[in-house]
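S.K.: What follows is the residue order along each chain.
Protein chains: 2
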Amino acid sequence: MLLSGKRHNMLAFLGGTGPEGKGLALRFALAGEEVVIGSRDGNRARETAEALQELAPGAAISGDENSVAAQRGDTVFIAVPYVGQKPLLEQVEEHLTAKVVVDVVAPLAVTKGRARAVTVEDGSAAMEAQQILPDSYVVAAFHNISAAELVIPHKVVDGDVVVCSDHQEPKELVMGLVRKIKDLRPVDGDGLENAKYVEQLTALLLNINRIYKAHSMIKIVGV
Amino acid sequence: MLLSGKRHNMLAFLGGTGPEGKGLALRFALAGEEVVIGSRDGNRARETAEALQELAPGAAISGDENSVAAQRGDTVFIAVPYVGQKPLLEQVEEHLTAKVVVDVVAPLAVTKGRARAVTVEDGSAAMEAQQILPDSYVVAAFHNISAAELVIPHKVVDGDVVVCSDHQEPKELVMGLVRKIKDLRPVDGDGLENAKYVEQLTALLLNINRIYKAHSMIKIVGV
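These protein sequence lines are chains A and B, in that order.
Counting along the first sequence from 1, when you hit position 217 you're at 217 in our numbering, and nothing is skipped either side.
Counting along the second sequence from 1, when you hit position 44 you're at 44 in our numbering, and nothing is skipped either side.
Hints may be right or wrong, so weigh each one.
Treat identical chains as interchangeable: a pair holds within one or across any two.
The list that follows gives simulated cross-link-like pairs (lysine to any residue, SDA-like), each with its CA atoms no further than 20 Å apart [as the list claims (entries may be wrong)]: (1) K182 / E169; (2) K155 / G222; (3) K219 / E33; (4) K155 / A214; (5) K213 / G84; (6) K219 / E65; (7) K213 / D188; (8) K213 / V223; (9) K112 / P81; (10) K213 / E172; (11) K213 / Q91; (12) K182 / N43; (13) K182 / E172; (14) K155 / V221; (15) K86 / H154; (16) K112 / G58; (17) K182 / G84; (18) K112 / Q168; (19) K182 / V156; (20) K86 / E121; (21) K112 / E149.
Hint data in this document are derived by calculation from the structure and do not stem from the laboratory.
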């Protein structure tokens with residue numbers, strides 16, 4: 001497969017000015033990865049990149065408009081709100097061919113402070129992404145990792161990342177990326193069919209956060 | 001509310017001859033609770049009670065037909081396969097009035113070794129149970145705890161039990177019951193609306209079990 005023997009691995013974070021994308025970009029930059037922040041607004045992306053650069057001196061962080069970031073990335077993270085996923089993917093589709101696309105999107109709605117998972121016709125945001133991008137390797141991951149914790153450099157983020165994909169080698173590549181962030185552990189979540197449960201779990205964790213005034217994450221025990 | 005000051009607390013396990021009900025009944029019996037196993041077939045219930053009694057000498061375990069068990073229980077666990085839940089609840093409804101009903105049911109289907117959550121019109125098995133039993137206090141709990149581990153006496157079962165209900169005092173009662181089983185910890189999962197995520201998560205855990213040849217459970221970290 002195309003991925004084998006690939007040395008360079010630029011990580012692009014589309015929607016990387018939002019909390020989850022920003023937090024992940026920071027952690028990967030701190031881990032020594034080259035990172036590009038994407039945004040609809042190139043200037044906002046560059047501002048975020050500069051702000052992250054201050055938190056991670058010596059790291060390689062740049063910012064650009066989403067389609068340029070998609071082009072530059074070898075592995076491309078999708079970290080927009082669900083409502084923005086489809087338009088974004090349709091816009092950048094041509095730049096994602098034969099690339100690993102990491103879908104971080106959890107389709108949620110919040111009413112009176114309570115989160116709930118919204119129904120997605122294709123089953124999950126990740127399944128929908130794979131439908132839109134038949135020539136990309138979609139991998140669902142990182143939904144349950146607290147953005148609020150990621151964005152504080154060197155704060156211990158001690159959770160498990162369930163990784164789901166229908167493509168084995170891309171799934172293993174992303175599991176390897178998870179291991180680059182200290183204290184995170186990847187758990188093989190089998191096929192993309194399972195991404196639904198991981199995405200929806202985010203709603204439960206947000207509701208638990210409200211009760212406990214905490215930033216909860218999960219661990220899978222017994223594996 | 002009715003529950004306050006209640007001293008006696010007989011636990012009934014309808015569908016208690018199945019793996020999850022049997023495992024929970026055993027653990028509660030070992031914790032000193034009085035337990036009655038219910039089954040469609042009263043003789044099978046009594047056989048299971050006798051088998052559990054051998055694993056928990058000195059414990060108070062009996063068996064009876066589901067409707068008798070429902071009548072005897074102060075707190076009644078529903079541990080049947082989802083397909084059997086509605087007929088069972090309609091059969092025993094009159095015996096569940098003003099009682100705490102602990103719904104353990106995860107609506108699942110298994111195809112070619114892979115589990116998936118089946119869609120429930122009311123949102124979840126627990127929401128459906130509350131619809132059928134408007135005069136009972138439905139609490140969803142214990143879905144993610146491995147039956148295979150529960151049923152081995154004294155084996156450490158080190159997981160979290162997310163407990164969801166729209167009734168605060170019954171929810172706290174069930175959280176207290178969770179604490180009676182060594183190493184299990186209750187986590188307040190807010191309203192019954194969230195039971196959906198906990199029920200569906202069972203499918204993910206079963207698929208993870210298949211990959212890792214393990215009995216996985218979850219922990220909520222950060223709370």
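S.K.: All the hints need checking, so say for each whether the structure fits it.
M.R.: Cross-check of the supplied hints:
Within a single copy, K182 and E169 get their C-alpha atoms no closer than 22 Å, and across copies no closer than 40 Å, so neither meets the 20 Å cut-off. Taking identical chains as interchangeable, the C-alpha atoms of K155 and G222 lie at most 20 Å apart only when they sit on different chains, with a minimum of 13 Å there against 25 Å within one chain. In this assembly of identical chains, K219 and E33 lie within 20 Å of each other by CA distance neither inside one copy nor across copies; the values are 25 Å within and 30 Å between. Taking CA atoms no more than 20 Å apart as the test, K155 paired with A214 passes inside one copy only; the shortest distance there is 15 Å, against 31 Å between copies.
Proximity of K213 and G84 under a CA criterion of 20 Å is satisfied in neither setting, with 28 Å inside one chain copy and 38 Å between copies. In this assembly of identical chains, the alpha carbons of K219 and E65 never lie at most 20 Å apart, being 35 Å within a copy and 39 Å across copies at closest. When the C-alpha separation of K213 and D188 is checked against a cutoff of 20 Å, the pair qualifies only between copies, where the shortest distance is 12 Å, while the shortest distance within a copy is 29 Å. Within a single copy, K213 and V223 get their C-alpha atoms only as close as 28 Å, which misses the 20 Å cut-off; across copies the closest is 8 Å, which meets it.
When the C-alpha separation of K112 and P81 is checked against a cutoff of 20 Å, the pair qualifies only within one copy, where the shortest distance is 19 Å, while the shortest distance between copies is 34 Å. When the C-alpha separation of K213 and E172 is checked against a cutoff of 20 Å, the pair qualifies only between copies, where the shortest distance is 18 Å, while the shortest distance within a copy is 34 Å. In the homo-oligomer, the alpha carbons of K213 and Q91 never lie at most 20 Å apart, since the shortest distance is 38 Å inside one protomer and 41 Å across protomers. For the identical chains of this complex, K182 and N43 are neighbours neither inside a copy (30 Å) nor across copies (55 Å), given an alpha-carbon limit of 20 Å.
Only within a single protomer do K182 and E172 lie at most 20 Å apart by alpha-carbon distance; the minimum there is 17 Å, versus 36 Å between protomers. Taking CA atoms no more than 20 Å apart as the test, K155 paired with V221 passes between copies only; the shortest distance there is 15 Å, against 22 Å inside one copy. With identical chains, the CA atoms of K86 and H154 are never at most 20 Å apart, being 33 Å at best within one copy and 50 Å at best between copies. For a Cα distance limit of 20 Å, the shortest separation of K112 from G58 qualifies neither inside one copy, at 42 Å, nor across copies, at 50 Å.
In this assembly of identical chains, the alpha carbons of K182 and G84 never lie at most 20 Å apart, being 30 Å within a copy and 46 Å across copies at closest. Within a single copy, K112 and Q168 get their C-alpha atoms only as close as 40 Å, which misses the 20 Å cut-off; across copies the closest is 19 Å, which meets it. When the C-alpha separation of K182 and V156 is checked against a cutoff of 20 Å, the pair qualifies only within one copy, where the shortest distance is 7 Å, while the shortest distance between copies is 28 Å. In the homo-oligomer, the alpha carbons of K86 and E121 lie at most 20 Å apart inside one protomer (13 Å), although the nearest pairing across protomers, at 27 Å, exceeds that limit.
Taking the shortest alpha-carbon separations for K112 and E149, neither the intra-copy value of 24 Å nor the inter-copy value of 39 Å comes in at or below 20 Å.
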